[in-house]
Amino acid sequence: GAGVSQSPRYKVAKRGQDVALRCDPISGHVSLFWYQQALGQGPEFLTYFQNEAQLDKSGLPSDRFFAERPEGSVSTLKIQRTQQEDSAVYLCASSLSMGTQYFGPGTRLLVL
Amino acid sequence: AQKVTQAQTEISVVEKEDVTLDCVYETRDTTYYLFWYKQPPSGELVFLIRRNSFDEQNEISGRYSWNFQKSTSSFNFTITASQVVDSAVYFCALSGFTGTASKLTFGTGTRLQVTL
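Protein sequence lines, in the order shown, are assigned to chains A and B. Each step along the first sequence adds one to the number in our numbering, with nothing skipped, and position 6 is 6. Each step along the second sequence adds one to the number in our numbering, with nothing skipped, and position 50 is 50.
Since the hints were derived computationally from the structure, they do not count as laboratory data. Any given hint might turn out to be false.
[As the list claims (entries may be wrong)] Covered by chain B, according to a simulated footprint, are these stretches of chain A (three or more residues, beta-carbon under 8 Å):
#1 10 to 22
#2 66 to 78
#3 88 to 99
#4 103 to 109
A virtual CB, placed ideally from N, CA and C, is assigned to each residue, including glycine.
Chain B on its own, in the form it takes in the complex (with noise of 0.2 Å):
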């Protein structure tokens, strides 16, 4: 069975500030794919990036940067210059390659309040 855990149920901070969003990771199989997308209010979920297991460069993105870690299982997202348009619940997910193991786990997500 496939599990993700977002520890952080709801961080506050001030714009301008630097914030690391937490997931660890349980599963069983070799190949698999990392994710993370951000749900703002109006309630669609965004995709943010998609990583694979082979494949353990850090990845940055503008003022994103994602830490893939394998040997503690964790996939790490950190906003650096807070904005107050990153107020959001931001969720990490797993899934396998392909097929039905392709359906994603969601960890029970992160929510980011960036105030002024």
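With the rest of the complex left out, here is chain A (with noise of 0.2 Å):
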């Protein structure tokens, strides 16, 4: 069966500008979630939804990051006018309603 696939596997972008990461969960997930790995260090939480509701959001760093899931499958997690901080390594993983979370393979952001 299919893993959890994250598209693009790398972005470049230049710092300004608006970019959007998508997620494809395994199918049947109810739990989605978004973590933020820098260089170096531990993933850490973003935000959370369960079928299409965001019901978490308390670690998304600043206003300029927006994530949804409307149909309660795909997520897309967009950051706005993009800074150097925000270069990082971009891990989806969802789960059963009480589940494992199983990760997808990462988008790595760098912005210039």
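Could you use the hints to bring the two separately framed chains together as a complex?
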């Protein structure tokens, strides 16, 4: 069966550009999480969806970060007016309601 | 607040040596999960194990074993007879049981280098 997929795998953006990162969770997984992983660090929580409802966005670093999951499946993380400090790997994970989170390969974002 | 500490930043061993990765956690929750994930150079986080706070029984899976001790808030991971393919960054993580509490809190990771 297919795992979590993310696209693009790599993204280079000029400072000030908007970017959109896509996550396709495992089919049937109701929970979806976004994490940010800076170089040499552990992943840090950004936001959580249960189906289409965004139940926790406490980890989003600023109002430039926005996430959606309109039909309870695919999710998009959007970063507006990117800054150099946004450079990181963005990881998406999905799980059943009380299950283990399975991660995608991540999107490596570099802001120049 | 939850916290996970992996004090070992990097460990180097020679193939066939045993190695233990330490993990200490802090939580005020009485029910929680503990995890280990492996991150090889490709970057994808690979799930290894999940234990719940009710079950302190140690677990063995092939060359891997885990020691959960609630009294010391530790969840250590041992690789027996290490192999080069074990080279990766290993993360310990903690979460609550349901809903928004199920978000993962990760440690900073331990980089394991296994050489011939």
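Status of each hint after checking the structure:
{"no.": "1", "hint": "10 to 22", "verdict": "violated (count 0)"}
{"no.": "2", "hint": "66 to 78", "verdict": "violated (count 0)"}
{"no.": "3", "hint": "88 to 99", "verdict": "holds (count 6)"}
{"no.": "4", "hint": "103 to 109", "verdict": "holds (count 5)"}
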